[in-house]
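A.B. asks: Going down the list, the protein sequences come from chains A and B.
In case it helps, the UniProt record's numbering puts the first sequence at residues 1 to 1012.
In case it helps, the UniProt record's numbering puts the second sequence at residues 1 to 142.
If you're looking for bench data, these hints aren't it; they were derived computationally from the structure.
Please read these numbers as outputs of a predicted model, since none were measured by experiment.
Just so you know, even glycine gets a beta-carbon here, dropped at the ideal spot from N, CA and C.
Please note that a few of the clues may not be correct.
[What the hints assert, rightly or not] Label pairs and their calculated CB-CB ranges:
#1 Ser841(A) x Arg53(B): 36 to 46 angstroms
#2 Phe409(A) x Glu137(B): 29 to 39 angstroms
#3 Leu38(B) x Asp67(A): 19 to 29 angstroms
#4 Leu64(A) x Leu38(B): 17 to 27 angstroms
[Unchecked claim] Dumping the calculated DSS-like pairs for lysine-lysine here, alpha-carbon to alpha-carbon at most 27 angstroms:
#5 Lys31(A) x Lys30(B)
#6 Lys129(B) x Lys290(A)
#7 Lys370(A) x Lys18(B)
#8 Lys13(B) x Lys294(A)
#9 Lys174(A) x Lys28(B)
#10 Lys31(A) x Lys13(B)
#11 Lys290(A) x Lys13(B)
#12 Lys22(A) x Lys30(B)
#13 Lys28(B) x Lys31(A)
#14 Lys129(B) x Lys174(A)
#15 Lys129(B) x Lys294(A)
#16 Lys83(A) x Lys45(B)
#17 Lys129(B) x Lys227(A)
#18 Lys294(A) x Lys30(B)
#19 Lys109(B) x Lys328(A)
#20 Lys31(A) x Lys109(B)
#21 Lys370(A) x Lys359(A)
#22 Lys18(B) x Lys22(A)
#23 Lys174(A) x Lys30(B)
#24 Lys18(B) x Lys227(A)
#25 Lys605(A) x Lys359(A)
#26 Lys30(B) x Lys83(A)
#27 Lys22(A) x Lys140(B)
#28 Lys83(A) x Lys140(B)
Each chain, written out:
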Amino acid sequence: MALSGMRGLSVFISDVRNCQNKEQERLRVDKELGNIRTRFKNEKGLTPYEKKKYVWKMLYIYMLGYDVDFGHMEAVSLISAPKYPEKQVGYIVTSCLLNENHDFLRLAINTVRNDIIGRNETFQCLALTLVGNIGGREFAESLAPDVQKLLLSSSCRPLVRKKAALCLLRLFRKNPDVVNVDGWSDQMAQLLDERDLGVLTSSMSLLVALVSNNHDTYWSCLPKCVKILERLARNQDIPQEYTYYGIPSPWLQVKTMRALQYFPTVEDPNTRRSLFEVLQRILMGTDVVKNVNKNNASHAVLFEALALVMHLDAEKEMMSQCVALLGKFIAVREPNIRYLGLENMTRMLMVTDVQDIIKRHQAQIITSLKDPDISIRRRALDLLYGMCDVSNAKDIVEELLQYLSSADFAMREELSLKIAILSEKFAPDLSWYVDVILQLIDKAGDFVSDDIWFRVVQFVTNNEDLQPYAALKAREYLDKPAVHETMVKVSAYILGEYSHLLARRPGCNPKEIFSVMHEKLPSVSTPTVSILLSSYAKILMHTQPPDPELQSQIWAIFNKYGSCIDVELQQRAVEYIELSRKGAALMDILAEMPKFPERQSALIKKAENSEADTAEQSAMKLRAQQQNSNALVVTDQHPANGPSTVSQLSLVKVPAMSNVDGESPDPAVTEANGTLTVVDPPFEDLLGPMAIEGPPSATAEAEHIQASGLAGVPNAGEALAIAPVEDQMNTVQPIGNIAERFHALCLKDSGVLYEDPYIQIGIKAEWRAPHGRLVLFLGNKNTSPLVSVQALILPPAHLKLELSLVPETIPPRAQVQCPLEVVNLRPSRDVAVLDFSYKFSSHAVNVKLRLPALLNKFLQPIQVSGEEFFPQWRSLSGPPLKLQEVVRGVRPMPLLEMANLFNSYRLMVCPGLDPNPNNLVASTTFYSESTRAMLCLLRVETDPADRTQLRMTVASGDPTLTFELKEFIKEQLVSIPLVARPPAPVPPQPQPTIPPSPSATSDPGALLAGLL
Amino acid sequence: MIRFILLQNRQGKTRLAKYYIPLEESEKHKVEYEVHRLVVNRDPKFTNFVEFRTHKVIYRRYAGLFFSLCVDITDNELAYLECIHLFVEILDHFFSNVCELDLVFNFHKVYLILDEFILAGELQETSKKAIIERMGELEKQE
Chain A
1 MALSGMRGLS
11 VFISDVRNCQ
21 NKEQERLRVD
31 KELGNIRTRF
41 KNEKGLTPYE
51 KKKYVWKMLY
61 IYMLGYDVDF
71 GHMEAVSLIS
81 APKYPEKQVG
91 YIVTSCLLNE
101 NHDFLRLAIN
111 TVRNDIIGRN
121 ETFQCLALTL
131 VGNIGGREFA
141 ESLAPDVQKL
151 LLSSSCRPLV
161 RKKAALCLLR
171 LFRKNPDVVN
181 VDGWSDQMAQ
191 LLDERDLGVL
201 TSSMSLLVAL
211 VSNNHDTYWS
221 CLPKCVKILE
231 RLARNQDIPQ
241 EYTYYGIPSP
251 WLQVKTMRAL
261 QYFPTVEDPN
271 TRRSLFEVLQ
281 RILMGTDVVK
291 NVNKNNASHA
301 VLFEALALVM
311 HLDAEKEMMS
321 QCVALLGKFI
331 AVREPNIRYL
341 GLENMTRMLM
351 VTDVQDIIKR
361 HQAQIITSLK
371 DPDISIRRRA
381 LDLLYGMCDV
391 SNAKDIVEEL
401 LQYLSSADFA
411 MREELSLKIA
421 ILSEKFAPDL
431 SWYVDVILQL
441 IDKAGDFVSD
451 DIWFRVVQFV
461 TNNEDLQPYA
471 ALKAREYLDK
481 PAVHETMVKV
491 SAYILGEYSH
501 LLARRPGCNP
511 KEIFSVMHEK
521 LPSVSTPTVS
531 ILLSSYAKIL
541 MHTQPPDPEL
551 QSQIWAIFNK
561 YGSCIDVELQ
571 QRAVEYIELS
581 RKGAALMDIL
591 AEMPKFPERQ
601 SALIKKAENS
611 EADTAEQSAM
621 KLRAQQQNSN
631 ALVVTDQHPA
641 NGPSTVSQLS
651 LVKVPAMSNV
661 DGESPDPAVT
671 EANGTLTVVD
681 PPFEDLLGPM
691 AIEGPPSATA
701 EAEHIQASGL
711 AGVPNAGEAL
721 AIAPVEDQMN
731 TVQPIGNIAE
741 RFHALCLKDS
751 GVLYEDPYIQ
761 IGIKAEWRAP
771 HGRLVLFLGN
781 KNTSPLVSVQ
791 ALILPPAHLK
801 LELSLVPETI
811 PPRAQVQCPL
821 EVVNLRPSRD
831 VAVLDFSYKF
841 SSHAVNVKLR
851 LPALLNKFLQ
861 PIQVSGEEFF
871 PQWRSLSGPP
881 LKLQEVVRGV
891 RPMPLLEMAN
901 LFNSYRLMVC
911 PGLDPNPNNL
921 VASTTFYSES
931 TRAMLCLLRV
941 ETDPADRTQL
951 RMTVASGDPT
961 LTFELKEFIK
971 EQLVSIPLVA
981 RPPAPVPPQP
991 QPTIPPSPSA
1001 TSDPGALLAG
1011 LL
Chain B
1 MIRFILLQNR
11 QGKTRLAKYY
21 IPLEESEKHK
31 VEYEVHRLVV
41 NRDPKFTNFV
51 EFRTHKVIYR
61 RYAGLFFSLC
71 VDITDNELAY
81 LECIHLFVEI
91 LDHFFSNVCE
101 LDLVFNFHKV
111 YLILDEFILA
121 GELQETSKKA
131 IIERMGELEK
141 QE
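Work out the full structure, taking the sequences as your base and the hints as a guide.
C.D. replies: Following this line, the structure appears as structure tokens:
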């Protein structure tokens, strides 16, 4: 097929194609470039046709991969050509050759704007396309209002409007402020009524971007999205041209469901019902068909529906349907579906706890870890990583370790990091953790980052029980024929510190330890040699009584390195030899390392920080961010204020290398050290404390040593070890606002009840009639155990509460689950309180937490019709079964919001029962042992002129229930906590250390008064 | 969002390249080289998805041509996979039985079609009919 009208271009393309080799091609291209350059130079002689031809040629050459560093100006200038053919070329080539950062583009802004606001539809389209594809911030600022106008214009064809929608999307991505103008959200909602599916498809993409940025503003779009989805799913009124292999635009369906995932929840019961009907239809009605395209399209819709169902926290039944589907998918042969099954299962882990069901598929997932396709292996790895917990960590980590030997190089680093994190997070015991890390270093030393071995050293240092074991293991690994350098580092460090604990074992006397370490010295790099030298010094110190032979051997080494060209090594050697002559003082200076301050694992931090680069923030991620960073219970949905965790955990920073300064007997040397010591940055974290002395942050101590000439100094190590503890006294503050967390939990059944730097208490509840089962998740966030853990329930009279045994100690990084059975005996608004205490190093923490086992948890919404409602309402006539009260001081809110509030407290609002639109009628069933199931009816009459007051009537068959329910609702209306308050300035509540007075302990009410 | 679209043959010759994110020229060449290497040797029995830096490439092979879309990792893979097929159907319809040579000699038309199909890295129009009719309109104006 020949190119219409442009022979020169066709000839050139043929020429290039006919070149025998790359060299000829380059010659031909260079010749053409030269030709174009000369022609462009005297532009006057060029006809618009020629100019157009040359610009096309340039684009072709550019596409072949050659640099085209001229002619941009010519391409841009064609944009202002008066006729379509030239203008078109100008626009297309410019948007290929230039990007938003080019200065040339700025020259065109005016022309582009004139085309956008002009009358020529074709020009409008060209201009919108250019801006949509390469427009930058400047375009956003000067063009957004014009583009918005086109999008809304009723006189423009759909053709222009769909381009305007996406163009606006681009501008919004460049600068969100230009679109968020007053009234835009209403106009956006109107756009969703569009009949033309092209415009609707484009507008939906725009909406996704808008809601991902700020869903609050676009609430009114939610029901419309559901309508669109319904229309598509039922194939109602969809033109044939918009069905793809019989499926009504799968892309629009996907986009619409994507938009819905950015709304935290669907509150209106009718909308929710319709949405779930559609989703159910998609989940059940998607079959595997032969036609690949049809199959892909229908599964694209299915997977998006799965994501939406997960987001909406559907009922258990629907969730299990999803898991069942995914379980089926991860076992099929079709690779795409299997890949997506694995990917979505991983996502499912993040939002709901279906872990137990997913665990059943573990074997199948491990098979995929061995798939020939790396894409599938990656997904399998992610899933295994995500589903790992204390119960299956051993299996999974061992499987991963085994896989490590055969894994692609591209994956090994990630794999190592994941193994290290899992073994740290879920270690059933710490010796296992040490085993895993050492195996990891042994198998894939090259891929083990310093962070990983630093971390194992921290654990060993902080856990005395672990030290002999770790030393023994380190010793064993050094015996292997080929030892990775990282293994030498970690073994040398551990043996230096703890090998004396092994002294009685065969092959472990100081001399033997020294010689096995020293064997490695010739083959390792300088940083490792410096660790070895420190270890020698320590071994020497631990050898009591001194072994003269060993001493002379080690001194000889120090002497040798005393003249080493490497400053670091030389310095160490010189200082060690000086120090070792000090005799008794050596004991203090080379004493065992004090414990590390608790800090967040650098590894986990690293894993958390790895950020994906996406146009819209992923809905999943948004959700996850609202949960707490180090969350052990991943169910909380509401923003827990402020990520203050990290700063608290990493409060002690160990400065690098200043250690030497302290011991140096000669101040001059100290100064030299201060300036000369250069350390590789990765070592900063550990080498500081690693060399001779403990965390040397306290310079006072160092001066002290110097002043007293190193003799008879009170044990420096001890003093230092105490220092940080004192600093930390009384600093255990809760993370997030306890009251807000409680209020959030009143409305939902899982989330975080309490969190501080050491512990996180999560809660998960299930309610069935008068019975409830709460599970408390006590998660230790540290690498050392929490002790003296005590949990006491202070039950109010109307609840029977049984807490299962709470263990006294929570092991490092472990999570303990304590079920709590609740029975509701009779109606009451009183609240149960959990009195919780624990000790961590020197902190004793005691907190009293209200438990979210409130009256509303024993309600079950029930929809009643007019025929049922009115007879009941009338039969419950007057007090004490029916109570009426005028409530004042109500937090003003629109009626719709109040209806949502009632619904969320499980009072089902029945629209249409009350003829007055300012009134609300709701019904629910209350369960308790004394009342059994009892219908409760509620009517609220509001005054549109004064939203702060209303009249409320509550009726039920039990006088106490009526009263309590009325009071309960009143409390919610009068002082409703703002759940979505901006996270910033909530001062942490000074929770702990309020000693409960004897009278208070017996009376939960009084306790509460103290809490609030 | 689609970051870029590449159409390459088995030898790695680029037949169409459209970027919706600002990249420098040298970076574009690197991307084209890497994507080609990434997809060309994959077994036909493998998935059509492959990780690429912090994104993923959704690709499909038609005869000797690879159509690759680079999208966000959170995007719906199958929807984009079918988006490739729809694009191919449109080309096929426009050129009546498209082959690589059509795309080579009419590369500028391919850019035009693409601009009617995708804009700002998002799908603009999914009706084949609408796009073909629009192309007819445009050809009349030339």
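A.B. asks: If a hint holds in the structure, say so; if it does not, say that too.
C.D. replies: Hints, verified against the model:
1. Ser841(A) x Arg53(B): 36 to 46 angstroms: holds (44 angstroms)
2. Phe409(A) x Glu137(B): 29 to 39 angstroms: violated (53 angstroms)
3. Leu38(B) x Asp67(A): 19 to 29 angstroms: Distance hint for Leu38(B), Asp67(A) holds at roughly 24 angstroms.
4. Leu64(A) x Leu38(B): 17 to 27 angstroms: holds (20 angstroms)
5. Lys31(A) x Lys30(B): holds (25 angstroms)
6. Lys129(B) x Lys290(A): Holds. Lys129(B) to Lys290(A) sits at ~25 angstroms (cutoff 27 angstroms).
7. Lys370(A) x Lys18(B): Cα-Cα ~36 angstroms, so violated.
8. Lys13(B) x Lys294(A): violated (31 angstroms)
9. Lys174(A) x Lys28(B): Holds - the C-alpha atoms of Lys28(B) and Lys174(A) are around 21 angstroms apart, at most 27 angstroms.
10. Lys31(A) x Lys13(B): Status holds; Cα separation ~20 angstroms.
11. Lys290(A) x Lys13(B): Given pair Lys290(A), Lys13(B) is violated - Cα atoms ~33 angstroms apart, limit 27 angstroms.
12. Lys22(A) x Lys30(B): holds (18 angstroms)
13. Lys28(B) x Lys31(A): Holds, at roughly 24 angstroms.
14. Lys129(B) x Lys174(A): This hinted pair is violated, its Cα atoms lying about 32 angstroms apart.
15. Lys129(B) x Lys294(A): The hint holds at about 19 angstroms.
16. Lys83(A) x Lys45(B): Distance ~50 angstroms between Lys83(A) and Lys45(B) Cα, so the pair is violated.
17. Lys129(B) x Lys227(A): Given that 27 angstroms is the threshold and the Cα spacing comes to 25 angstroms, the pair holds.
18. Lys294(A) x Lys30(B): Violated, because 35 angstroms separates the two Cα atoms, which is more than 27 angstroms.
19. Lys109(B) x Lys328(A): violated (44 angstroms)
20. Lys31(A) x Lys109(B): With Cα atoms ~25 angstroms apart, Lys31(A) and Lys109(B) stay inside 27 angstroms; holds.
21. Lys370(A) x Lys359(A): holds (18 angstroms)
22. Lys18(B) x Lys22(A): With a Cα-Cα distance of about 24 angstroms, the restraint between Lys18(B) and Lys22(A) holds, given a limit of 27 angstroms.
23. Lys174(A) x Lys30(B): holds (25 angstroms)
24. Lys18(B) x Lys227(A): violated (35 angstroms)
25. Lys605(A) x Lys359(A): holds (26 angstroms)
26. Lys30(B) x Lys83(A): Roughly 36 angstroms separates the two Cα atoms, so the pair is violated.
27. Lys22(A) x Lys140(B): violated (38 angstroms)
28. Lys83(A) x Lys140(B): holds (13 angstroms)
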